[in-house]
Structures are given as structure tokens and as C-alpha cells.
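Peer 1: Protein chains in written order, with the working numbering: chain A, 1 to 219; chain B, 1 to 219.
Just so you know, the hints here were simulated from the structure itself, not pulled from any lab data.
Just so you know, these numbers come straight off a predicted model, no measurement behind them.
Watch out, some of these pointers could steer you wrong.
[Stated by the list, open to error] Once the Cα atoms are required to be at most 20 Å apart in a straight line, the calculated EDC-like pairs of lysine to aspartate or glutamate come out as:
{"hint": "1", "chain 1": "B", "residue 1": "Lys215", "chain 2": "B", "residue 2": "Glu40"}
{"hint": "2", "chain 1": "A", "residue 1": "Lys86", "chain 2": "B", "residue 2": "Asp186"}
{"hint": "3", "chain 1": "B", "residue 1": "Lys86", "chain 2": "A", "residue 2": "Glu133"}
{"hint": "4", "chain 1": "A", "residue 1": "Lys86", "chain 2": "B", "residue 2": "Glu133"}
{"hint": "5", "chain 1": "A", "residue 1": "Lys208", "chain 2": "A", "residue 2": "Glu183"}
{"hint": "6", "chain 1": "B", "residue 1": "Lys86", "chain 2": "A", "residue 2": "Glu40"}
{"hint": "7", "chain 1": "A", "residue 1": "Lys86", "chain 2": "A", "residue 2": "Asp205"}
{"hint": "8", "chain 1": "B", "residue 1": "Lys86", "chain 2": "B", "residue 2": "Glu183"}
{"hint": "9", "chain 1": "A", "residue 1": "Lys86", "chain 2": "A", "residue 2": "Asp186"}
{"hint": "10", "chain 1": "A", "residue 1": "Lys215", "chain 2": "A", "residue 2": "Glu164"}
{"hint": "11", "chain 1": "B", "residue 1": "Lys208", "chain 2": "B", "residue 2": "Glu164"}
{"hint": "12", "chain 1": "A", "residue 1": "Lys208", "chain 2": "A", "residue 2": "Glu116"}
Protein chains: 2
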Amino acid sequence: MAAQSIGIDVRTQGGPGVLHQLTGVIARHGGDITSVSIHEAEAGEARVFFEIRLPAEAEPLLAELRATSVVRGLETVETFQRVFGKRIIIVGGGAQVGQVAIGAISEADRHNIRGEHISVDTIPLVGEQPLAEAVRAVTRLPRARALVLAGALMGGEIERAVREVRARGLLVISLNMAGSVPEAADLVVTDPVQAGVMAVMAVADTAKFSIERLKRRVF
Amino acid sequence: MAAQSIGIDVRTQGGPGVLHQLTGVIARHGGDITSVSIHEAEAGEARVFFEIRLPAEAEPLLAELRATSVVRGLETVETFQRVFGKRIIIVGGGAQVGQVAIGAISEADRHNIRGEHISVDTIPLVGEQPLAEAVRAVTRLPRARALVLAGALMGGEIERAVREVRARGLLVISLNMAGSVPEAADLVVTDPVQAGVMAVMAVADTAKFSIERLKRRVF
Numbered sequence: 001m002a003a004q005s006i007g008i009d010v011r012t013q014g015g016p017g018v019l020h021q022l023t024g025v026i027a028r029h030g031g032d033i034t035s036v037s038i039h040e041a042e043a044g045e046a047r048v049f050f051e052i053r054l055p056a057e058a059e060p061l062l063a064e065l066r067a068t069s070v071v072r073g074l075e076t077v078e079t080f081q082r083v084f085g086k087r088i089i090i091v092g093g094g095a096q097v098g099q100v101a102i103g104a105i106s107e108a109d110r111h112n113i114r115g116e117h118i119s120v121d122t123i124p125l126v127g128e129q130p131l132a133e134a135v136r137a138v139t140r141l142p143r144a145r146a147l148v149l150a151g152a153l154m155g156g157e158i159e160r161a162v163r164e165v166r167a168r169g170l171l172v173i174s175l176n177m178a179g180s181v182p183e184a185a186d187l188v189v190t191d192p193v194q195a196g197v198m199a200v201m202a203v204a205d206t207a208k209f210s211i212e213r214l215k216r217r218v219f
Numbered sequence: 001m002a003a004q005s006i007g008i009d010v011r012t013q014g015g016p017g018v019l020h021q022l023t024g025v026i027a028r029h030g031g032d033i034t035s036v037s038i039h040e041a042e043a044g045e046a047r048v049f050f051e052i053r054l055p056a057e058a059e060p061l062l063a064e065l066r067a068t069s070v071v072r073g074l075e076t077v078e079t080f081q082r083v084f085g086k087r088i089i090i091v092g093g094g095a096q097v098g099q100v101a102i103g104a105i106s107e108a109d110r111h112n113i114r115g116e117h118i119s120v121d122t123i124p125l126v127g128e129q130p131l132a133e134a135v136r137a138v139t140r141l142p143r144a145r146a147l148v149l150a151g152a153l154m155g156g157e158i159e160r161a162v163r164e165v166r167a168r169g170l171l172v173i174s175l176n177m178a179g180s181v182p183e184a185a186d187l188v189v190t191d192p193v194q195a196g197v198m199a200v201m202a203v204a205d206t207a208k209f210s211i212e213r214l215k216r217r218v219f
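Chain A on its own, in the form it takes in the complex:
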């Protein structure tokens, strides 16, 4: 059997060391963990959600996990990649984040109907430091593919953060705004709705759109 990706939702006892035990079992079965999230349920209980690439059938791994003392229950589930897919992140001032979101959500709808999986995630924020932190944090978010900066004035530390995350391979689109952030972005778009649409087009496999082939970077 070929390698496959599976999702496992495990109910366990809470506390330090539980993840170490579970990952030990998974490593023994040659599983490559691509994502983990941990949720606290009631006192003393946790839910751990793994996404794992497995070289072989899942059943022996699942059986050994079920037999582990800290495990109280287990079910296989869809992976986040299958359900929520690629993520567009929109950060900035509420009025403009909302307009970019309208464009991105409408465009994602059109691609998701044709089999893509694109979600659009947003946070309205104010202030140079919180915005710079949010920009840097995007490269730690699972499945994030593009960042749109939606505001009227951004520069300084935010510009430095944009250059860092672009160097790590993230696509950055900026609204046409005051400050130095537009100079640091891959693409500058004046209309917020179009900025959202272009962000989705740039990451959709169902779209014919390539930032590299554009003759202009400012719209």
C-alpha cells in the first residue's frame, strides 16, 4: 500500500508527557506527523488531533494507540488539508479587512465549487507592534499561503516583518497605502475587493494566474 495521509482524533488523559507517549507509538510505525493540535476537554482530559503521513496501512498503528494507557478513545477523521485547505490571511484595519474578505471569500467560493479547498482567515488589528507580530506569526500558521495587508498606513517594523516572511516563501499582497509596506510587498492593489480576489487566484490550482508572469506589480 502506498503512503497515505490520515487524521486521528484521540481522547487522552491530560498533563505533561502524554504527547511524548503518543508520538513514540507513531514514530515506531514510521508515521511522519505533519500537524498536531491539542484541546483541553474537561478537567484531566485532552483531545489530540494528529495528521500523519503513513508508509503503510493505518490499522496496526490505531490498534497500538488504542492500547496505550493514556488513551481513552480514538477515531479517524478528515485532515484539515482536505476540509479547510490552503489559507489566505488578511490582517489590518476592520473596514478594509472586511472589504478584502468579501473579495477573497467570493473568489474562493468559485474555486472551491470546482474542487479547490481555500479558506479565508482574518484579524483586525491596530498598532505597529501587534501588526508586525501578526505578520511574523503567519509563517507559523499551518497551511497559510498568502497574506494580505489591509490598511491605510503601515511601515517601520511591519515592513521589516513583511520582508522576513517573503524570504520564507509567503506571498504578500498590500493595499495601495501610505507608509513603506507597499514597497516591500509582492503585489500592490488599490481596490480591496480586487486584492482579495487576486490573493485567492494566486494560490488556487484551478486559476490561471501567476504573479511571476505579471508585467506590473501595482494595480
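Following the hints, put chain B in place on chain A, whose structure we already have.
Peer 2: Okay, now just chain B, sitting in the frame of chain A:
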């Protein structure tokens, strides 16, 4: 020193077993891992982002992690809870998801300015099965607090999924729509912008709004 939450961004070699080694070090220091995300960088390298509750100072843990053979680099970073905070998830048809997002983002902006951290995440989807899967997957998403179902017709398997996630403690708001989903939701709202606003008010510590104290459940 009191317990603290820290974020650590670790560059490691890729492949099975790496997470097991790292979690072993963290467990030895009494660290309770509350979130992990794993990213592939270039071939043979991965980035692992941990959020850890620690009973003591971080430096001895960081030093031991740095000395681990699979670790190539490490830096401390802000936690997702501090940067992106609580999440409102909006799922459904593009036109309506966009309008709910407008309301939620504007309202989150007003609370985030006063020190809250609320982000608004969306995915436009079509079809009973994909929607039911997305609803169930929300309880596995880190920091998700409320779900808004934005559509014109939802029932069947989606209704069953709504009842399951409510039983796990997730707040569910439905637009007033055809199908059985509104009957299964905590709250039914006709105006999509207001639905987004109410979802944020319900999870914001800066808001005076409690679903339990409402005399009506349909608006």
C-alpha cells in the same frame, strides 16, 4: 516563578521521530504542550512551533532543546493565543459568508482595540457532506469558540453535525434559513451582518452579552 505560557519556533531535521525526541525533552522539564504545528521548510528540514505551559523558567528547557541532535535552531516567539486569540468560524455559501464576515470583522475590530484578541476565519463550501465535515472539524481547530452557518438551505447531516459540536461546547449561530439547521442552533439570526456581530459579542470578554440571558433565540 509562576507557571507561564511560551511559544518556541524550532528548526529541526525532517522525518519520523523528531517530534518524539522534542516532546521527550519538554516532558522532562514538566512542560505541558498546549499546541504544536509543524511546517516543512526545504528538503530534509522542518519547523516545529510549540506552545508550552511551563512550571518554571524557560532557559533550562531551551538550552536542552538547543543541544538536541535534531535541532538546528530555535527562537522564542509570541503564542497564537496572544496574537490571533479566539476564533469565530464562518461556513457556508460565499455571498452570505462574506456578509457575516463583514459584521464579525467590524465588531472584532472594536473589541481588539480594547485589548481583546478575536480573529474571524471563513470557508465558502457547497454540499451537505463537505459542510457537515467542516462543522465537525471546527471542534478540532485550535482556539475556535463560535461557528456561524451562513446559507439559504442546510439540513440532514449538517443538522446532526451541529448537534454534535454543540454537545462538545461550541456555540453555533445559524442564519434564518430553510432546512433543519436553525432548529439545532443556539441562536438564529436573519441579518447576516448582525449574525457576525452577535458571534463576536458572545465570545468577547469586553462585551456585555450573554446568550443564556437572552429571552429570544430567533432574531
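Peer 1: Take the hints in turn and mark each one as holding or not.
Peer 2: Here is what the structure says about each hint:
Between Lys215 (chain B) and Glu40 (chain B) the CA atoms are separated by roughly 50 Å; this puts the pair beyond 20 Å, and the hint is violated. The hinted pair formed by Lys86 (chain A) and Asp186 (chain B) fails the criterion: a straight-line CA distance of about 29 Å is larger than 20 Å. Pair hint Lys86 (chain B) plus Glu133 (chain A) holds up; C-alpha atoms about 16 Å apart against a cutoff of 20 Å. About 16 Å separates the Cα atoms of Lys86 (chain A) and Glu133 (chain B), which keeps this hinted pair within 20 Å; it holds.
With a CA separation close to 25 Å, the supplied pair Lys208 (chain A) and Glu183 (chain A) exceeds the 20 Å bound. In summary, the hint linking Lys86 (chain B) to Glu40 (chain A) is supported, as the alpha carbons are separated by about 15 Å, within the 20 Å threshold. At most 20 Å may separate the alpha-carbon atoms for a hinted pair to count; Lys86 (chain A) and Asp205 (chain A) meet this at roughly 11 Å. As the CA atoms of Lys86 (chain B) and Glu183 (chain B) are separated by approximately 26 Å, the hinted pair breaks the 20 Å bound.
For a cut-off of 20 Å, the pair hint linking Lys86 (chain A) to Asp186 (chain A) stands: about 19 Å separates their Cα positions. Proximity of Lys215 (chain A) to Glu164 (chain A) is assessed by CA-CA distance (about 24 Å); at most 20 Å being required, the pair is judged violated. Between the alpha carbons of Lys208 (chain B) and Glu164 (chain B) the distance comes to roughly 28 Å, so the proposed pair goes past 20 Å and is violated. At most 20 Å may separate the alpha-carbon atoms for a hinted pair to count; Lys208 (chain A) and Glu116 (chain A) meet this at roughly 13 Å.
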